[in-house]
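So you can see what is in the structure, the chains are spelled out below.
Number of protein chains: 6
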Amino acid sequence: MDTQELYERGLALRRQMLGREAVDRRMRALGDFGRPLQEIINAYAYGEVWSRAALPLATKSLVMVGMLAAAGKPAELRIHLKGAIANGCSREELQDVLLLVALYCGLPAANEAHNAAVELFGDAAKDGDK
Amino acid sequence: MDTQELYERGLALRRQMLGREAVDRRMRALGDFGRPLQEIINAYAYGEVWSRAALPLATKSLVMVGMLAAAGKPAELRIHLKGAIANGCSREELQDVLLLVALYCGLPAANEAHNAAVELFGDAAKDGDK
Amino acid sequence: MDTQELYERGLALRRQMLGREAVDRRMRALGDFGRPLQEIINAYAYGEVWSRAALPLATKSLVMVGMLAAAGKPAELRIHLKGAIANGCSREELQDVLLLVALYCGLPAANEAHNAAVELFGDAAKDGDK
Amino acid sequence: MDTQELYERGLALRRQMLGREAVDRRMRALGDFGRPLQEIINAYAYGEVWSRAALPLATKSLVMVGMLAAAGKPAELRIHLKGAIANGCSREELQDVLLLVALYCGLPAANEAHNAAVELFGDAAKDGDK
Amino acid sequence: MDTQELYERGLALRRQMLGREAVDRRMRALGDFGRPLQEIINAYAYGEVWSRAALPLATKSLVMVGMLAAAGKPAELRIHLKGAIANGCSREELQDVLLLVALYCGLPAANEAHNAAVELFGDAAKDGDK
Amino acid sequence: MDTQELYERGLALRRQMLGREAVDRRMRALGDFGRPLQEIINAYAYGEVWSRAALPLATKSLVMVGMLAAAGKPAELRIHLKGAIANGCSREELQDVLLLVALYCGLPAANEAHNAAVELFGDAAKDGDK
Numbered sequence: 165m166d167t168q169e170l171y172e173r174g175l176a177l178r179r180q181m182l183g184r185e186a187v188d189r190r191m192r193a194l195g196d197f198g199r200p201l202q203e204i205i206n207a208y209a210y211g212e213v214w215s216r217a218a219l220p221l222a223t224k225s226l227v228m229v230g231m232l233a234a235a236g237k238p239a240e241l242r243i244h245l246k247g248a249i250a251n252g253c254s255r256e257e258l259q260d261v262l263l264l265v266a267l268y269c270g271l272p273a274a275n276e277a278h279n280a281a282v283e284l285f286g287d288a289a290k291d292g293d294k
Numbered sequence: 165m166d167t168q169e170l171y172e173r174g175l176a177l178r179r180q181m182l183g184r185e186a187v188d189r190r191m192r193a194l195g196d197f198g199r200p201l202q203e204i205i206n207a208y209a210y211g212e213v214w215s216r217a218a219l220p221l222a223t224k225s226l227v228m229v230g231m232l233a234a235a236g237k238p239a240e241l242r243i244h245l246k247g248a249i250a251n252g253c254s255r256e257e258l259q260d261v262l263l264l265v266a267l268y269c270g271l272p273a274a275n276e277a278h279n280a281a282v283e284l285f286g287d288a289a290k291d292g293d294k
Numbered sequence: 165m166d167t168q169e170l171y172e173r174g175l176a177l178r179r180q181m182l183g184r185e186a187v188d189r190r191m192r193a194l195g196d197f198g199r200p201l202q203e204i205i206n207a208y209a210y211g212e213v214w215s216r217a218a219l220p221l222a223t224k225s226l227v228m229v230g231m232l233a234a235a236g237k238p239a240e241l242r243i244h245l246k247g248a249i250a251n252g253c254s255r256e257e258l259q260d261v262l263l264l265v266a267l268y269c270g271l272p273a274a275n276e277a278h279n280a281a282v283e284l285f286g287d288a289a290k291d292g293d294k
Numbered sequence: 165m166d167t168q169e170l171y172e173r174g175l176a177l178r179r180q181m182l183g184r185e186a187v188d189r190r191m192r193a194l195g196d197f198g199r200p201l202q203e204i205i206n207a208y209a210y211g212e213v214w215s216r217a218a219l220p221l222a223t224k225s226l227v228m229v230g231m232l233a234a235a236g237k238p239a240e241l242r243i244h245l246k247g248a249i250a251n252g253c254s255r256e257e258l259q260d261v262l263l264l265v266a267l268y269c270g271l272p273a274a275n276e277a278h279n280a281a282v283e284l285f286g287d288a289a290k291d292g293d294k
Numbered sequence: 165m166d167t168q169e170l171y172e173r174g175l176a177l178r179r180q181m182l183g184r185e186a187v188d189r190r191m192r193a194l195g196d197f198g199r200p201l202q203e204i205i206n207a208y209a210y211g212e213v214w215s216r217a218a219l220p221l222a223t224k225s226l227v228m229v230g231m232l233a234a235a236g237k238p239a240e241l242r243i244h245l246k247g248a249i250a251n252g253c254s255r256e257e258l259q260d261v262l263l264l265v266a267l268y269c270g271l272p273a274a275n276e277a278h279n280a281a282v283e284l285f286g287d288a289a290k291d292g293d294k
Numbered sequence: 165m166d167t168q169e170l171y172e173r174g175l176a177l178r179r180q181m182l183g184r185e186a187v188d189r190r191m192r193a194l195g196d197f198g199r200p201l202q203e204i205i206n207a208y209a210y211g212e213v214w215s216r217a218a219l220p221l222a223t224k225s226l227v228m229v230g231m232l233a234a235a236g237k238p239a240e241l242r243i244h245l246k247g248a249i250a251n252g253c254s255r256e257e258l259q260d261v262l263l264l265v266a267l268y269c270g271l272p273a274a275n276e277a278h279n280a281a282v283e284l285f286g287d288a289a290k291d292g293d294k
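Protein sequences, first through last, are from chains R, X, B, W, L and E.
Using our numbering, the first residue of the first sequence is number 165, and each one after it goes up by one.
Using our numbering, the first residue of the second sequence is number 165, and each one after it goes up by one.
Using our numbering, the first residue of the third sequence is number 165, and each one after it goes up by one.
Using our numbering, the first residue of the fourth sequence is number 165, and each one after it goes up by one.
Using our numbering, the first residue of the fifth sequence is number 165, and each one after it goes up by one.
Using our numbering, the first residue of the sixth sequence is number 165, and each one after it goes up by one.
Calculated from the structure, these hints are not laboratory results.
A few of these clues could be false.
[Claimed, not checked] Chain B side only, calculated, beta carbon under 8 angstroms to chain R, not exhaustive:
#1 L201
#2 V213
#3 A217
#4 P220
#5 L221
#6 A222
#7 L232
#8 G236
#9 E240
[What the hints assert, rightly or not] Quick look at which bits of chain R chain X covers, simulated, 3 or more residues with Cβ under 8 angstroms:
#10 165-174
#11 181-187
#12 191-200
#13 267-273
Don't be surprised by glycine CBs; every beta carbon is placed ideally from N, CA and C.
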C-alpha cells in the first residue's frame with residue numbers, strides 16, 4: 165500500500181475520533197518540525213493500527229486509556245478519553261478501567277486518570293449548558 | 165460487605181480465570197509473608213474490581229494486557245495473557261492490542277509482549293498434542 | 165472486618181495526616197465517579213496498609229516520599245511531603261531521602277522532588293507569617 | 165582530585181552550556197536545602213561525567229535528549245534541549261533523535277518531546293526579533 | 165513511497181547493523197502472529213527513521229543505548245549495543261553514555277546497562293579466540 | 165574532601181552492608197570498563213549519601229526497598245533487601261513497606277518485590293540449616 169493512502173485513511177479516522185478542528189490545530193502547532201511525526205501518527209498509528217478489524221474502536225479506546233494511565237502520560241490520556249467517548253464508551257465502562265488502573269498501576273496513576281476524566285466530564289457538562 | 169465474603173468471591177473468580185492449581189501454587193509460594201498481599205489480590209482486585217459489571221471479563225483482560233505491556237511487567241503479563249484466553253479473547257484481538265502497544269509504548273515494550281504471547285501460544289500448541 | 169469499619173478508620177487517619185479540609189475537598193472534587201476509588205483509598209490504603217503496626221507513621225512517610233519520587237508522581241509527592249511533616253519528619257530527614265533519590269533514581273527525579281519540597285517549605289514559611 | 169576542584173570545573177561547564185544566569189537562578193531557588201544536590205550536579209554530573217573526553221558535548225546532548233524523553237521528564241528535557249543548541253546541535257539532528265523516541269518510546273513520549281522542542285524554537289524566534 | 169520499498173530498504177539496513185542471521189532468526193521466532201510488528205520494525209523503524217540523513221548511524225546508536233537504558237529495557241539494549249559496535253562506536257564512547265545513564269537515570273539503570281555491555285564484550289573476546 | 169577519602173569511606177560502609185565478598189566480586193565482574201561507575205558508587209553513593217547522619221541506616225534501607233520496587237528494578241532490590249536485613253530491618257517492617265508498594269505502585273510491582281523477599285528469606289533459612 166502507498167504511504168500516502170495510509171496517511172489519508174488514517175487522518176480521516178483520527179478526525180472522526182478526536183474532532184477535525186482539534187486534529188488540525190495540533191498538526192499546525194508542531195509546524196514543519198513536527199511533520200515527520202504527524203506522518204507516523206496518521207499513516208501508521210491511525211492508518212494501520214487503529215484501522216485493524218479484530219476489535220471495535222470502543223474496545224481499542226478502553227485499552228488506550230489503560231495503557232496511557234499505566235505509562236503516566238496524562239496529557240495524552242485526556243485526548244484519548246475524548247476519543248473513547250466519541251467511540252461510544254460509557255462513564256461506567258471508563259470507571260471500570262480506571263479501577264483496574266488503581267489496583268494494577270497504583271493509586272497515584274489512578275488519581276491522575278480520575279482527575280483527567282472528571283475534568284473532561286465537567287467540560288462536557290458545561291458544553292451541554294450552551 | 166464483609167472482607168471475608170469479598171475474599172471468597174474474588175478467589176473463586178481468580179481460580180476460574182487463571183486456573184485453580186496455578187492460583188493455589190502461587191498463594192503457597194509466598195507463604196505467611198505474602199498473606200496480606202494475597203488478601204488484597206483476592207478481596208479487592210478480584211472480589212471488587214474484577215467483579216464490577218460494566219465491562220465483560222474479556223474486555224477487562226484486553227485492557228490488562230495493554231496496561232501490563234505499558235508498565236513493563238512481562239511476568240505479570242504472561243499470567244494475564246492466559247487469563248485473556250480463558251476469558252475468551254482471540255489471538256487476533258490480542259494482536260490488535262499488542263500493535264497499539266508498539267505505537268503508543270514503543271517497540272521494546274511490543275517485543276517483550278510479543279515474546280510472552282508467542283511463548284504462551286507455543287505452550288498451548290504443545291499441550292494440544294497430548 | 166467490615167469494609168465500612170475499615171473505611172471509617174482509614175478516613176480518620178487520612179484526615180489526621182493530610183488535614184480534614186484537604187481530604188474532604190479532594191473527595192468532593194471527584195464526585196460520584198470517584199466514589200469507588202475513594203473507597204479503595206480510605207478502606208484499603210489508610211484503613212489497612214497505613215494502619216499496620218510494624219513501622220511508625222513517620223517512617224512510612226519517608227518510604228512514600230522515596231517511592232513517589234522514584235515513580236515520577238510529583239503531584240502525589242506534594243501531598244505526601246505534607247503528610248511526612250504532619251507525621252513528624254524533619255527537613256534533614258527528607259533531605260537524606262531526596263539525596264538517595266538523586267543517586268538511585270537520577271537527577272531529574274531528584275530535581276522534581278526538590279522543587280516540590282522547597283515549594284512546600286516556602287508555603288509553610290508564608291503561613292507562619294500570618 | 166579534590167571535590168572542590170571538581171565543583172568549580174563542573175560549574176564552569178554547566179554555565180557555559182545552560183547560561184550563567186539560568187544556572188545561578190536555579191541554584192538560588194533551591195536554597196540551603198538544595199545545596200547537597202547542587203554539589204552532586206556540579207561536581208559529579210558536570211565536573212566528572214560531562215567532562216569526560218571520549219564524546220563531543222554535542223553528541224552527549226543528543227544522548228541526553230533521547231534519555232530524558234524516554235524517562236518522561238519534560239521539564240529537564242527543556243533544559244537539555246537548550247544545552248543541545250548551545251553545544252551546536254542542529255534542528256535536523258534533534259528531529260532525528262525525537263523520531264527515534266517516537267518508534268522506541270512511543271507516540272506520547274514523542275509528543276511531549278516535540279512540544280518542548282517547538283516551544284523552545286518559538287522562544288528563540290521571538291528573541292531573534294528583538 | 166510504497167510500504168514494500170520501505171520494508172526492503174529497512175530490512176537491508178537492519179541486517180547490516182544486527183547481522184542477517186540474528187534478524188532472520190528473530191523474524192521466524194515470532195511467526196505469523198509477529199508479522200505486523202515486523203512490518204512496523206522494518207518499514208518504519210529501519211526504512212524511515214534509521215534511514216534519515218541528519219545523523220550518522222553511530223550517533224543514532226549512542227542515542228539508542230541511552231534511551232533503552234533509561235527505559236529499563238535490558239534485552240533490547242543488548243541488541244542495540246551490538247548494533248552500536250557494528251556502527252563503529254568505541255567502548256570509550258559507550259562508557260561515556262553509560263555514565264550519563266548513572267547520573268541521569270540512577271545507579272540501578274547504570275548497573276543493568278553495564279552488565280549488558282560487559283557480557284557483550286566478554287562474548288566478543290571469546291569469539292576472537294576462535 | 166578528597167575523592168579518594170570518600171571512596172575509602174564509602175567502600176568500607178558498602179562492604180559492611182552487603183558483605184565484603186559480594187562487593188569485591190561485583191567490582192571485579194565489571195573490570196576496567198566498570199571502574200568509573202564503581203567510583204561513583206563508592207565515593208558518592210556510599211561515601212556521601214549513605215554516610216549522611218539524619219537517618220539511621222535501617223530507615224534508609226526501608227526507603228531504598230520502596231524506591232527500587234517503585235522503579236521496577238528487582239535485581240537491585242534483591243541486593244538492598246539483603247542490605248536492609250544487615251542494617252537490622254525485621255521481616256514485619258519489610259512487609260509493611262511492600263504493602264505500601266502494592267497500594268501505591270500496583271500489584272505487579274508488589275508481586276516482583278514479594279518474590280525477591282521470599283526467595284531471600286528462603287536462602288537465609290537454608291543457610292541456617294548448615
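**OP:** Double-check L201/B for me: the hint is only fine if its C-beta lies closer than 8 angstroms to a C-beta in chain R.
**Re:** With Cβ-Cβ at 6 angstroms, under 8 angstroms, it holds.
**OP:** May I ask you to test the interface hint for L221/B with respect to chain R, counting a Cβ-Cβ separation under 8 angstroms as satisfied?
**Re:** This hint is violated: L221/B lies away from chain R, its Cβ roughly 17 angstroms from the closest one there, beyond 8 angstroms.
**OP:** Against chain R, run the beta carbon of P220/B and see if the smallest gap drops under 8 angstroms.
**Re:** P220/B check fails; min Cβ-Cβ to chain R is 21 angstroms, beyond 8 angstroms.
Subject >> When the least beta-carbon distance from A222/B to chain R is tested against 8 angstroms, hint result >> reply: With a closest approach of 20 angstroms, the A222/B hint is violated.
Original post:
Under a C-beta cut-off of less than 8 angstroms, do 3 or more residues of the region 191-200 of chain R approach chain X closely enough to confirm the stated coverage?
Top reply: Coverage by chain X is violated for the region 191-200 of chain R (0 residues, Cβ < 8 angstroms).
**OP:** Count residues of the region 267-273 of chain R with a Cβ under 8 angstroms from any Cβ of chain X, then say if the count reaches three.
**Re:** holds (count 3)
Subject >> Status of the E240/B interface restraint (C-beta, 8 angstroms, chain R) >> reply: The hint holds - E240/B has a Cβ within 8 angstroms of chain R, the shortest such distance being about 4 angstroms.
Original post:
Is the hint on L232/B kept, meaning its closest Cβ partner in chain R is under 8 angstroms away?
Top reply: holds (6 angstroms)
Original post:
Hint check: is the beta carbon of V213/B less than 8 angstroms from a beta carbon of chain R?
Top reply: With Cβ-Cβ at 10 angstroms, over 8 angstroms, it is violated.
Subject >> G236/B as an interface hint toward chain R, with CB separation required under 8 angstroms >> reply: This hint holds: G236/B lies near chain R, its Cβ roughly 6 angstroms from the closest one there, short of 8 angstroms.
Subject >> Given hint A217/B near chain R, where the shortest CB pair must fall under 8 angstroms >> reply: Where the cut-off is 8 angstroms and the nearest Cβ of chain R is about 21 angstroms from A217/B, the hint is violated.
Original post:
the region 165-174 of chain R covered by chain X? Criterion: 3 or more residues, Cβ-Cβ distance below 8 angstroms.
Top reply: Our answer is that it is violated, as 0 residues pass the Cβ test (under 8 angstroms) against chain X, missing three.
Hints 2, 3, 4, 5, 6, 10, 11 and 12 from the list above are not met by this structure, while the remaining hints are.
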